[in-house]
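2 protein chains.
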Amino acid sequence: MSSDNRLIYLPLGGAGEIGMNAYVYGYGPAGKERLILVDIGVTFPNMDTTPGVDLIFADIAWLEERRDRLEAIFITHAHEDHIGALGHLWSRLQAPVYARPFTGNHAARKMEEQGQDPEAVNIVDIWPQQINAGPFKVAFLPVSHSIPESSAMVIDSPAGRVVHTGDFKLDVTPILGDPFDRNLWAKVAEPGVKVLTCDSTNVFSPNPSRSEATVGPAIRQLVERAEGMFVATTFASNIARVKTLAEAGRDAGRSVCLLGRAMRRMIEAGVETGILTDFPKTVSPEEAADIPRNHLMLIVTGSQGERRAASGQLSRGRYMGLEMKEGDTFLFSSKTIPGNERDVLRVVNAYSEMGVDVVDDAADLYHVSGHANRPDLSQVHQLVAPKTVVPMHGEHRHLREHVKLARENGYYAVLAPNGTMLDLTPDIPRVADMIETGRTYLDGSVQIGALDGVVRDRIRMALNGHVIVTLIIDEEDEPLGEPWVELMGLPEKGNSKAPLAEVLEADLDQFLGRAEPKTMRNDDKIEEAMRRIVRQVSQNEIGKKPEVTVVISRLSA
Amino acid sequence: MSSDNRLIYLPLGGAGEIGMNAYVYGYGPAGKERLILVDIGVTFPNMDTTPGVDLIFADIAWLEERRDRLEAIFITHAHEDHIGALGHLWSRLQAPVYARPFTGNHAARKMEEQGQDPEAVNIVDIWPQQINAGPFKVAFLPVSHSIPESSAMVIDSPAGRVVHTGDFKLDVTPILGDPFDRNLWAKVAEPGVKVLTCDSTNVFSPNPSRSEATVGPAIRQLVERAEGMFVATTFASNIARVKTLAEAGRDAGRSVCLLGRAMRRMIEAGVETGILTDFPKTVSPEEAADIPRNHLMLIVTGSQGERRAASGQLSRGRYMGLEMKEGDTFLFSSKTIPGNERDVLRVVNAYSEMGVDVVDDAADLYHVSGHANRPDLSQVHQLVAPKTVVPMHGEHRHLREHVKLARENGYYAVLAPNGTMLDLTPDIPRVADMIETGRTYLDGSVQIGALDGVVRDRIRMALNGHVIVTLIIDEEDEPLGEPWVELMGLPEKGNSKAPLAEVLEADLDQFLGRAEPKTMRNDDKIEEAMRRIVRQVSQNEIGKKPEVTVVISRLSA
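Chains as they are written, first to last, in this note's numbering: chain W, 22 to 578; chain X, 22 to 578.
Any given hint could be a false lead.
Intra- or inter-copy, both count: the list cannot distinguish identical chains.
[As the list claims (entries may be wrong)] Straight-line alpha carbon distances no greater than 20 Å define the calculated EDC-like cross-link-like pairs of lysine to aspartate or glutamate that follow:
(1) Lys158 / Glu92
(2) Lys158 / Asp146
(3) Lys425 / Asp177
(4) Lys566 / Asp478
(5) Lys346 / Glu548
(6) Lys425 / Asp378
(7) Lys53 / Glu327
(8) Lys302 / Asp478
Treat the hints as calculated values from the structure; they're not laboratory data. Note that this is a predicted model, so its numbers are computed, not measured.
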């Protein structure tokens with residue numbers, strides 16, 4: 022090992038938010054490291070900060086500029102915040118993709134959907150099989166989570182071993198997929214681990230996480246007691262949960278119907294990849310419509326109250342020939358992600374108006390998290406016993422708390438938010454560089470930068486409304502007719518009770534009547550003055566200052 | 022009592038949301054009832070559904086049309102969702118206002134702020150003092166809540182007694198203000214109560230509510246252990262909590278400084294009305310800046326992460342000469358109202374980046390709710406023993422659950438959402454009418470209807486962006502020059518990599534070149550065609566269909 026070589030870590034996303042995971046590792050001479058990428062996920066937009074945006078990716082500009090040095094992309098599991106950007110960003114990176122079969126099934130589909138070659142996705146086996154990626158040897162270490170085939174990455178470099186947990190929990194009875202195997206992890210840790218890059222999502226949850234197997238009995242009891250139709254929602258990717266729900270339905274003598282594209286697709290992927298072998302027989306929505314409600318169970322998409330998901334559609338009336346009625350039960354076998362409360366409550370209240378009994382997880386009976394809680398994180402620290410813990414997958418507050426926890430447990434720990442390039446070579450890692458990171462928005466079919474101003478303008482129009490002023494100026498630099506005002510997103514009348522557009526037009530006309538010839542020859546000056554007048558008059562009339570677009574047309578002189 | 026007379030109840034707001042309380046009672050011949058209004062509150066806008074809006078009121082059109090029959094307005098307590106619309110709507114109702122001293126202090130200020138006569142506010146004493154309001158005799162019955170001087174209304178009519186709880190909890194040690202007095206309530210209930218109109222906020226909380234007095238010891242311990250500056254936030258109106266915090270600070274040897282207008286104003290109102298007699302001495306922000314951090318405690322506004330409140334300002338840097346540093350502690354002695362999670366977490370993460378330790382109420386130690394939980398509601402049902410329970414102050418799901426609870430407790434109960442006029446005269450109340458209700462937005466200085474389309478247009482611009490097309494048509498109905506396109510909130514370039522505005526202009530120009538003379542004489546047709554082209558081309562270029570404003574200027578023929 023040349024003394025010039027170094028092992029680096031650089032989170033482009035995921036170390037500053039829960040979502041949008043994208044972690045770079047590199048090995049080689051400074052500035053010439055060969056690179057690998059672990060995960061390439063999305064995060065979701067919201068009306069507060071990203072109206073109209075479809076998806077949010079980590080800004081991969083740094084990696085794209087160095088793509089000749091990128092050896093491989095590894096996907097830990099098939100959740101959108103780890104795999105969702107693959108199809109959209111792959112053409113900018115063009116490195117081979119590695120994943121286990123179920124995850125690879127999703128990866129290939131995501132590539133195809135965006136017109137990329139699904140053959141770039143390579144299906145691999147688990148540890149001890151290793152993938153050679155330049156100076157790295159990488160293996161997939163099975164771990165339990167809320168989706169099948171989740172894996173930690175065992176990343177071996179000449180500078181030592183890194184264990185990158187991905188998302189995980191310590192579940193020895195996960196219903197489906199790999200149980201957490203303490204012996205396997207101990208074997209991986211045996212030669213000594215340099216760095217543990219570790220999930221931080223649940224660092225604030227004080228009690229040990231509960232197993233997926235614990236929710237079955239409570240769900241079973243609830244379904245047995247239900248009288249009308251029973252409808253349940255959960256994350257479609259939590260196939261174990263979907264199976265638990267379906268079995269509870271079947272065992273209570275109900276036919277099971279899956280509603281929502283994601284729900285059906287996940288079960289298909291499970292069957293195609295051999296993970297799901299004994300899922301109860303399902304009926305189509307058409308068949309379901311003919312089954313008595315008390316013999317029917319729907320498992321539907323939309324645990325976050327999404328308008329267009331099946332739960333949202335059913336909350337507004339008939340969907341796929343089915344509808345909710347008084348006496349039915351609706352179960353949220355899920356938790357509400359912070360920020361989605363209003364959407365979920367909208368659905369709950371709509372069901373309440375229909376007379377449907379809604380059951381959520383307030384009593385901690387019908388859902389368990391897929392992430393390791395605080396005591397579980399401590400267990401993993403001790404099991405892996407790394408030289409250094411680097412918390413990832415969390416907001417700043419999670420990372421900071423996880424650093425504290427690791428230090429309490431006697432480990433060296435570093436807080437490395439997005440853009441922090443760590444040199445992991447020395448025993449005490451050091452910050453090698455700070456990289457400019459950020460977010461890329463998928464807006465319709467276009468990728469735009471978060472700082473391009475597009476979304477800022479949308480937010481301003483939403484908050485302030487939009488006034489459009491058009492003015493024609495003739496060959497002698499005189500206004501031709503009066504300026505014309507159109508309003509969008511503004512009240513028609515203000516305090517003077519006269520139409521706002523007319524008040525604005527009168528004041529703008531007055532300005533033009535008094536304007537110096539010098540001003541009238543200068544579009545910028547006219548525009549600036551008119552904008553100022555519109556904002557000032559609007560402030561007086563309606564108490565707010567709108568966005569203003571001034572369009573000046575000059576008749577060719 | 023004439024057999025023609027009836028007692029009616031009509032919620033205009035508050036029975037379908039938590040907030041925006043406005044309840045009408047009436048007595049007299051059908052359609053000629055003399056009316057009273059209990060509370061006139063606001064609810065708060067959000068970016069999802071009401072961008073740019075300042076406040077939301079219940080639509081009082083029904084009551085305004087009948088204001089000659091309105092005898093009085095009663096305010097149960099000074100929370101914004103009960104009093105906030107008074108100044109804005111009073112001129113449309115113009116009835117005398119009654120409130121207890123602390124509430125009246127706020128009411129008078131709200132009247133003044135909106136240019137109304139504060140003399141319309143009458144300060145009254147508690148039960149058994151009664152206010153004559155037409156056929157009604159109304160008394161204020163003290164009850165504990167999270168603001169001083171909360172009251173239930175004891176509304177006596179010839180048809181019987183109604184007890185309208187307002188917001189309440191059963192707290193016998195509320196630190197400040199009236200403890201819940203079971204004997205007093207029993208006395209009020211003694212003659213028999215026809216209807217209990219009852220707060221539903223916490224019907225889903227299964228355990229008895231905890232007293233305000235229970236948070237003191239935990240807060241005290243936390244403050245004693247803190248090393249740097251200690252900063253706490255809570256609802257400013259919870260004067261008892263502010264006092265508990267301030268005393269914990271003082272007793273730990275810290276000088277106490279109140280930051281934020283609402284915080285200072287609430288304490289002032291408490292002192293002015295004699296409620297608050299022994300609040301610890303405070304220092305000004307200027308004085309605070311000179312005090313060592315470990316001897317300083319700030320009590321600040323912004324428990325919901327509001328950008329402009331003191332907590333938000335401090336999360337972005339220096340505020341009033343003070344700033345947070347590594348080693349400081351920030352306590353949320355409050356809960357996050359659903360929908361505000363993102364704002365609160367933004368503040369928490371900003372503090373985390375500063376190295377500040379943030380403590381919230383996850384462990385149920387530092388905050389208690391001001392509302393009666395499920396077992397407390399049952400206690401009140403039994404204590405008042407009404408003929409009928411009418412749940413109010415809640416979303417539909419709360420009202421529905423509260424109806425179930427009252428029935429379980431053996432009481433007749435009616436679900437009456439906003440707009441449901443109940444005839445309470447018979448032993449079994451019946452729905453007398455359904456009134457069109459809704460929401461009024463305060464937008465800047467203008468009141469607009471929720472369905473006026475103004476906010477809808479803002480949301481559309483925020484989601485889709487805005488394209489402005491201007492076109493000049495000459496005296497011969499020919500385009501003068503080319504159409505001009507401006508974009509707002511849209512990416513500059515689309516899939517073809519050419520500027521979107523230019524692509525649109527070229528396609529619109531092509532359309533004009535081919536347009537029939539008949540079309541060119543008809544502005545509506547041109548506009549429609551151009552809008553269609555803009556939306557279609559945009560869909561191809563950028564994958565979304567923007568809002569379009571077409572401005573056609575015709576040179577006078």
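So, going through the hints one by one against the coordinates:
{"no.": "1", "hint": "Lys158 / Glu92", "result": "within (11 Å within a copy, 82 Å between copies)"}
{"no.": "2", "hint": "Lys158 / Asp146", "result": "within (14 Å within a copy, 80 Å between copies)"}
{"no.": "3", "hint": "Lys425 / Asp177", "result": "neither (27 Å within a copy, 61 Å between copies)"}
{"no.": "4", "hint": "Lys566 / Asp478", "result": "both (14 Å within a copy, 17 Å between copies)"}
{"no.": "5", "hint": "Lys346 / Glu548", "result": "neither (58 Å within a copy, 45 Å between copies)"}
{"no.": "6", "hint": "Lys425 / Asp378", "result": "between (43 Å within a copy, 11 Å between copies)"}
{"no.": "7", "hint": "Lys53 / Glu327", "result": "neither (45 Å within a copy, 46 Å between copies)"}
{"no.": "8", "hint": "Lys302 / Asp478", "result": "neither (51 Å within a copy, 47 Å between copies)"}
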